[in-house]
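Quick mapping for you: the protein sequence lines, in order, are chains A and B. Residue numbers 1 to 403, in our numbering, belong to the letters of the first sequence in order. Residue numbers 404 to 513, in our numbering, belong to the letters of the second sequence in order.
Simulated from the structure, these hints should not be mistaken for lab results. Careful: at least some of the hints might be erroneous.
Unchecked claim - Calculated cross-link-like contacts (lysine to any residue; reagent style SDA-like; alpha-carbon spacing at most 20 Å):
no.: 1; chain 1: A; residue 1: K81; chain 2: A; residue 2: R2
no.: 2; chain 1: A; residue 1: K179; chain 2: B; residue 2: K511
no.: 3; chain 1: A; residue 1: K81; chain 2: A; residue 2: K169
no.: 4; chain 1: A; residue 1: K179; chain 2: A; residue 2: L152
no.: 5; chain 1: B; residue 1: K501; chain 2: B; residue 2: A512
no.: 6; chain 1: A; residue 1: K169; chain 2: B; residue 2: K511
no.: 7; chain 1: B; residue 1: K498; chain 2: A; residue 2: M184
no.: 8; chain 1: A; residue 1: K177; chain 2: B; residue 2: G495
no.: 9; chain 1: B; residue 1: K466; chain 2: B; residue 2: E507
no.: 10; chain 1: B; residue 1: K469; chain 2: B; residue 2: N454
no.: 11; chain 1: B; residue 1: K469; chain 2: A; residue 2: L71
no.: 12; chain 1: B; residue 1: K498; chain 2: B; residue 2: S486
no.: 13; chain 1: B; residue 1: K498; chain 2: A; residue 2: E25
no.: 14; chain 1: B; residue 1: K466; chain 2: A; residue 2: L381
One letter stands for each residue in the lines below.
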Amino acid sequence: MRLAIVSTYPPSRGSLNEYAYYFVEHLRRKLEIDEVILLTDDLPDGASYPQAPDRVRILPSWRFGAMNNALRIRQTVEQIKPDAVLFNMQFATFGDKRIPGALGLTAPMLIKQMEIPVIVLLHNIMETIDLSKAGFGGNPLMEHITRLAGDLFTRMLLSADMVAVTIPKYVELLEAKYKARNVMLAPHGAFEDAPPPSIDLHPEVLRIMTFGKFGTYKRVEVLIDAFQLLRDHLPDTSMELVIAGTDSPNATGYLEQVRTRYAAMPNIVYTGYVAESDVARIFSEATIVVFPYNSTTGSSGVLHQTGNYARPAVLPNLGDFAELIQEEGYTGEFFAPENAVSLAAAIRRYWENPDKRRQDAMQNYLSSVGIPISEVVDWYLLHLEPLLQARVEQPAKEKPQWT
Amino acid sequence: MDMNVIANDNVRIIRLSGRFDAFETPATNKWFETNVSATESRIVVDLSGVNFLDSAALASLVKGMKRCREHGGDLVLCNFQQSVRIIFELTGLNKAFKITDNEEAALKAF
């Protein structure tokens, strides 16, 4: 099978790049796969992608924020003639402005019109996005119009042969609102076949770490305020706050503003972009991983990584997270979103209870290895089988006409 | 979770009961790895006693099915409780497996 995947991919720093990296890494090793063709975003400043691994070809085919992404992707698909196309995406994959962002979402429908099997792995859905916090805010009228447009583009996405989501509630919502019958639940999967965990949670120093792309719904101000409260309450404790990651594409310059605003506060480390090779160290050195989210736009890859590296998590008490945690077996200390006092108290509860930290870290680890991404990939291959079979069985006159 | 295996001609029937989750899948995974071969690749999994299964359990069954098919056989599921049926429908895996109402029908499905 020659499978095209439309996605970001490292070294692109776009959302879901890490997920794509691990997904492709396991997919390319499957017996069913002859070639994975990655239709990635253009790298900035004319940079090139490094050599692709075996059985993987990288074809930059779209650019974040461009108007013509769907057409470019369609043209590339016409040229490479894959057996099927999988989109690894969320609503803001193609742009941080409404029009380019929305136009990109028509790509699955355009490919489907070519009668090529299409699966969309949708990491968030419009109905659960807080538009203002996700960078698409504005006045209430604009938000209303954006929602209506979101409904329209959701319907377009649902024209794919199959739409995979990672939270059961999303399946129910899409089935109820759009009468969709082609939505399925697929586990997110753990990024790595995790090694035996080290539950060394560094008792000599309280190293609080947050990881991600910041500035929209992941914001660090409350975390920094909580860090200050902890410093005040625990003056004899050696502690460090590590803010690992970069700005969200929708919030360029955010972390620089934060750094300027809190320049006087000591013991805060801004790592900037974390290369794949440094991810394990960043997590392993953390005593506690904090999720300073004020809303969620889907499941959290960072939560799975936290489990992979056997770390305890401090989590916002948000609906999606609570559901994800319950259903996938994760645990943590919870805090009221956007409340520094509550966050500081949650961190302190963990810090003062090493046994609970270890116990929860182990639970997160066991949950994360429940199903590694190498096995999630098998589910997609299983779902593709009948789609490809149906295509083979089409009468000749209905087969796609390549021009 | 309890796991009982019985032989029926050239088909193995695995009867599972209880909670089928990440803590139980090492045993089922190991069973598939050890016992599925070119001569033993027709498996029926009777889930009548299973009242809960999670994604790890589904993954274990997928792994078992793939292994059976690689060896020229198949893995057929039967006797779903309602809660199990819902999970299979939610994940779309009901379309990937052969699923029957009872063991007798499962044995005829090969």
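Open item on the list: So if I understand the rule, the pair passes when the alpha-carbon distance is 20 Å or less; does B/K498 with B/S486 pass?
Closed with: holds, 17 Å
Open item on the list: Between the alpha carbons of B/K469 and A/L71, is the straight-line distance 20 Å or under?
Closed with: Violated, at roughly 37 Å.
Open item on the list: So if I understand the rule, the pair passes when the alpha-carbon distance is 20 Å or less; does A/K81 with A/R2 pass?
Closed with: holds, 9 Å
TODO: For the pair supplied as a hint, A/K177 and B/G495, confirm whether the alpha-carbon distance does not exceed 20 Å.
DONE: Holds. A/K177 to B/G495 sits at ~19 Å (cutoff 20 Å).
TODO: Take a quick look at whether A/K179 and B/K511 sit within 20 Å of each other, Cα to Cα.
DONE: violated, 35 Å
- [ ] Mind checking the alpha carbons of B/K498 and A/M184 for me, to see if they're no more than 20 Å apart?
- [x] Distance of about 11 Å is within 20 Å: holds.
Task: Restraint status (C-alpha distance of A/K179 to A/L152 at most 20 Å) - done: holds, 14 Å
TODO: Verify the proposed pairing of B/K466 with B/E507, using a straight-line Cα cut of 20 Å.
DONE: violated, 23 Å
Task: Pair hint outcome, A/K169 versus B/K511 [Cα-Cα no greater than 20 Å] - done: violated, 37 Å
Task: Given pair status - A/K169, A/K81, alpha carbons within 20 Å - done: Violated, at roughly 35 Å.
Task: 20 Å limit on alpha-carbon distance, applied to hinted pair B/K466 and A/L381 - done: holds, 12 Å
Open item on the list: Given the hinted pair B/K469 and B/N454, is their Cα-Cα distance within 20 Å?
Closed with: Violated, at about 24 Å.
Checked against the numbered hints listed earlier, the structure breaks hints 2, 3, 6, 9, 10, 11, 13; every other hint is satisfied.
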